[in-house]
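Make the complex out of the two chains shown on their own, each in a separate frame, by following the hints.
The listed protein sequences derive, respectively, from chains H and E.
Residues in the first sequence are numbered from 1 upward in steps of one, following our numbering.
Residues in the second sequence are numbered from 1 upward in steps of one, following our numbering.
It should be emphasised that the hints constitute simulated quantities derived from the structure, not laboratory data.
We put the beta carbon where it would ideally sit given N, CA and C, even for glycine.
One or more hints might be untrue.
[What the hints assert, rightly or not] One-sided and incomplete, this derived list gives chain H residues near chain E with beta-carbon spacing under 7 angstroms:
{"id": "1", "residue": "Gly151"}
{"id": "2", "residue": "Gly166"}
{"id": "3", "residue": "Cys186"}
{"id": "4", "residue": "Leu229"}
[To be verified] DSS-like mimics (lysine-lysine), calculated; alpha carbons at most 30 angstroms apart, straight line:
{"id": "5", "chain 1": "H", "residue 1": "Lys23", "chain 2": "E", "residue 2": "Lys185"}
{"id": "6", "chain 1": "H", "residue 1": "Lys159", "chain 2": "E", "residue 2": "Lys195"}
{"id": "7", "chain 1": "E", "residue 1": "Lys65", "chain 2": "H", "residue 2": "Lys58"}
{"id": "8", "chain 1": "E", "residue 1": "Lys3", "chain 2": "H", "residue 2": "Lys46"}
{"id": "9", "chain 1": "E", "residue 1": "Lys177", "chain 2": "H", "residue 2": "Lys159"}
{"id": "10", "chain 1": "E", "residue 1": "Lys117", "chain 2": "E", "residue 2": "Lys65"}
{"id": "11", "chain 1": "H", "residue 1": "Lys46", "chain 2": "H", "residue 2": "Lys78"}
{"id": "12", "chain 1": "H", "residue 1": "Lys247", "chain 2": "E", "residue 2": "Lys201"}
{"id": "13", "chain 1": "E", "residue 1": "Lys177", "chain 2": "H", "residue 2": "Lys16"}
{"id": "14", "chain 1": "E", "residue 1": "Lys195", "chain 2": "H", "residue 2": "Lys208"}
{"id": "15", "chain 1": "E", "residue 1": "Lys170", "chain 2": "H", "residue 2": "Lys247"}
{"id": "16", "chain 1": "H", "residue 1": "Lys247", "chain 2": "E", "residue 2": "Lys195"}
{"id": "17", "chain 1": "E", "residue 1": "Lys186", "chain 2": "H", "residue 2": "Lys247"}
{"id": "18", "chain 1": "H", "residue 1": "Lys159", "chain 2": "E", "residue 2": "Lys185"}
{"id": "19", "chain 1": "H", "residue 1": "Lys46", "chain 2": "E", "residue 2": "Lys177"}
{"id": "20", "chain 1": "H", "residue 1": "Lys117", "chain 2": "E", "residue 2": "Lys201"}
{"id": "21", "chain 1": "H", "residue 1": "Lys58", "chain 2": "E", "residue 2": "Lys186"}
{"id": "22", "chain 1": "H", "residue 1": "Lys23", "chain 2": "E", "residue 2": "Lys71"}
{"id": "23", "chain 1": "E", "residue 1": "Lys3", "chain 2": "H", "residue 2": "Lys117"}
{"id": "24", "chain 1": "E", "residue 1": "Lys201", "chain 2": "H", "residue 2": "Lys208"}
{"id": "25", "chain 1": "E", "residue 1": "Lys177", "chain 2": "H", "residue 2": "Lys247"}
{"id": "26", "chain 1": "H", "residue 1": "Lys46", "chain 2": "E", "residue 2": "Lys117"}
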Amino acid sequence: MQHAQAVTTMTTIMAKFTDYIGKHLPDDIVAKLSELRSAEDSALAKVVYDSMFENLAKADELNRPCCQDTGVIQFFIKAGADFPLLSDVRPILDEAVRTATRQAPLRHNAVEIFIEKNTGDNTGDRIPWIDWDIVPNDSGITLEVYMAGGGCSLPGQGKTLMPAAGYEGVTQFVFDVMTSYGVNACPPLLVGIGIGGSIEVAATLSKKALFRSIGSRNPDPNGAVMERLIEKGLNDIGIGPQGLSGKTSVMGVHIEKAARHPSTISVAVSVGCWAHRRGTIHINENMSYEILSHKGVTL
Amino acid sequence: MNKVLKTPITCQDVEQVNIGDIVFLDGYLVTCRDMAHRRLIDMGMKLPVDLDGLAILHAGPIVAKEGESWKMVSIGPTTSMRMEVHEKEFIGQTGVKLIIGKGGMGPETVEGCAAHKAVHAVFPGGCAVLAASRVEEIERVEWLDLGMPEALWVCRVTNFGPLIISIDTKGNNLFNKNRAGFNAKKGPIVEEISKHIRFIK
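Chain E with its partners taken away, still in its complex shape (with noise of 0.2 angstroms):
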């Protein structure tokens, strides 16, 4: 059985996540990437959706107007630590329960899933057809003045996933785990090439 999370996602549903743990969203997942937390946080502005107890994806999709609606095309994750620097006060502001990207985030968003009980979950980047096809409507779009990438989808999906949970609410960062272990063997393999590399003599 997949474990799966259900909007509203509650504080009890989060802590009993942990890294490493793979799940599925059902429910309402909307889009906030650079522009959405640049916005709220630095600008001050209010944001156009409610997102507590909600997921979102830092991503840009790619939609198509189909009459009045819009049909999701493509949606895969973005590099969430480009929102690293907005992350911890937004979960603070927003009360998002759930936030999807791609690759790791810092010790800011730990800090602010710690406090606020709030997971980061990567869902593999590049498989942006696959994300669509879980997508079953976009009820709404706002923010649509920042162009296609950046807007806010307001999206109602079923069996989104694979999650990989990345930070949980205790503390844990799943990638600092991982680059820790890659640094560590670097260091000896960087000189072991430099032995055979001398060409310049």
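The following block holds chain H by itself, in its conformation from the complex (with noise of 0.2 angstroms):
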């Protein structure tokens, strides 16, 4: 394929899953609402569990955004060293980004800073933000769409701890957290706690413990044990869906840790609100492409 036809296949291909994934949950993400949904008795959380898989199911037949909120994209890359691509990326999405804006419909989610203008398009400085990792001895590359919604950004919040403090006072900031913020930002929602030595580095995990499969637990023993315990204590509070209370508060607790200095421990949490719209995709050198979020969807 040439070069410029290459661009041409990916940039139909990022806009079209944009597009697709406003419109569709994560099979995953569909599965757990199903399970907590049918958990509930109340009429407050049955009404709310109601309307919710009722919205999905019109979505889905009028080929909507299935939240008005789509976001601010951004993607999270993980990027073959020898993707044949890799100088095209930046313009490539910033195009898909555009495309997928005017067909989808997605709402225009860009403010710039300072100027104070919706950009209208979803683009703008930085915007759509893209995460990069690079992978070694690698030639295709896998990209996490997310549409991070306003009502979910707005519990985000980290905090750096003094080392006496402890994973006990990294557990009470992620309570306070969703108990203040989080009611009001559309539970059940997912919790990604980001674990690290400095800020940022918290906070960028936090955001990528999101895209972790429901029912994955960190790899490190004390980590799963600490997710499993958060998340049954969470659960135990009985937030429900809405914050109207109810059964359970949360579809998830992922944990991503990265090694502390001695003198600081770190915590960060970012939330997904239950339409929590994120896709994988694996596209090969030859433009060739396999999408892992929602298993059988062709483009």
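So this is what it looks like as structure tokens:
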């Protein structure tokens, strides 16, 4: 395939995929929501879950974004060092976002800082946001597309603690965020926790934790224990769908970590709302692709 | 039978509903979020829509232009708490009777709802296509210079809901009540978890 043709092909794939994920939740999220729905018995919790599933069916039927807040588009990328379009990824994704914004259509959500004007096409200074991981000796690219809505971006917080606060302090911080800002952020939430030695490391990891599939566990045994304990504890609080109280609070709790400085322990929390619009796509160097988050889907 | 509020909504209408009730709206619903509140209250600009007896929705929709008219594509509530700093005065100045949004609001809004007879209700967040399907027509748009999410979209709606009353006219606040319950449970749970995660020794 000619280089120019490959650029056009990848732009089309990413525009269609960005459009698609705004309208359909990934398989693991739908399965988890069905499980949480069946546990509820109160009138308010039931009417909310009924509305959620009726809404998803209508979004599919009418081909519309399932939530009006289609977010600031973010791409978390694992790019093979030998991927042939590495230099073109930024312009490809900018153009894909502009196209998806017109075609889906997506809400205009990029407001330039200081100028304070909405750009009207979801691109702007450093937006769509791109986070890069380079994979050595690989020629493909895997992209997580995420629509970070305002409601579930609002609880995002971090704090650098002194080691004396320990993991106990980390846990307290998570629960404080969840019982304050978390209540209004469209629960049941997916909770991403980042732990490291400085605030930007913890913040980035807390976001990346949201891309793990539901039911996965931190490979570290203590990390997995902590995930289970926090998940059970948050569910026992019973925040329920939309914070109206219920049998559960969260779709999952995921912790990601980086080694810390001896003097600090930083924690950050990012949450995903129930309409967790993330999609994972792998593109090979010949521009064939596979969608990993929504099985059996072709664009 | 669903309980229905019809615009123009009267003080009596809203006095009859209580926190936790599920109601539906027929009539006029106008989107008003951060900038509409800021322009009226902080900047003293006159609202281009008379909201007396009507409902507002804290929302920034996706709309599509079809010829000369607008079609509602997707419209769900946004976080109401962002409007807390302005809402009491907003209710007083406009005479709005039903405020629809997502999540709870605070003590200032509770005061405003009690003083001027208004209620706050929650439409399930993220259910934007369901909500759009209840919009009969967008009659007009004002302040479009603010951009699509912040403009005032004047909508005629039928059976718009479910709306869960979260603040009533009697000073009750459903989310406050829930939050007190969550906070009461939180302490012992965090304490119990802490026993198992003392990894720094």
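Hint check:
1. Gly151: 5 angstroms, holds
2. Gly166: Status holds, d = 5 angstroms.
3. Cys186: Constraint on cysteine 186/H satisfied, holds at 4 angstroms.
4. Leu229: 5 angstroms, holds
5. Lys23/H x Lys185/E: Given pair lysine 23/H, lysine 185/E is violated - Cα atoms ~36 angstroms apart, limit 30 angstroms.
6. Lys159/H x Lys195/E: 22 angstroms, holds
7. Lys65/E x Lys58/H: 21 angstroms, holds
8. Lys3/E x Lys46/H: 17 angstroms, holds
9. Lys177/E x Lys159/H: 28 angstroms, holds
10. Lys117/E x Lys65/E: Status violated; Cα separation ~36 angstroms.
11. Lys46/H x Lys78/H: Roughly 39 angstroms between the alpha carbons, so the hint for lysine 46/H and lysine 78/H is violated.
12. Lys247/H x Lys201/E: 35 angstroms, violated
13. Lys177/E x Lys16/H: 44 angstroms, violated
14. Lys195/E x Lys208/H: The hint holds at about 28 angstroms.
15. Lys170/E x Lys247/H: 28 angstroms, holds
16. Lys247/H x Lys195/E: 24 angstroms, holds
17. Lys186/E x Lys247/H: 15 angstroms, holds
18. Lys159/H x Lys185/E: 23 angstroms, holds
19. Lys46/H x Lys177/E: 19 angstroms, holds
20. Lys117/H x Lys201/E: Measuring from Cα to Cα gives roughly 51 angstroms; hence the hint is violated.
21. Lys58/H x Lys186/E: 37 angstroms, violated
22. Lys23/H x Lys71/E: 18 angstroms, holds
23. Lys3/E x Lys117/H: Judged against 30 angstroms, a Cα distance of about 41 angstroms means the pair is violated.
24. Lys201/E x Lys208/H: Given that 30 angstroms is the threshold and the Cα spacing comes to 28 angstroms, the pair holds.
25. Lys177/E x Lys247/H: Holds, at about 17 angstroms.
26. Lys46/H x Lys117/E: 29 angstroms, holds
The structure does not agree with the numbered hints 5, 10, 11, 12, 13, 20, 21 and 23 stated previously, though it agrees with the rest.
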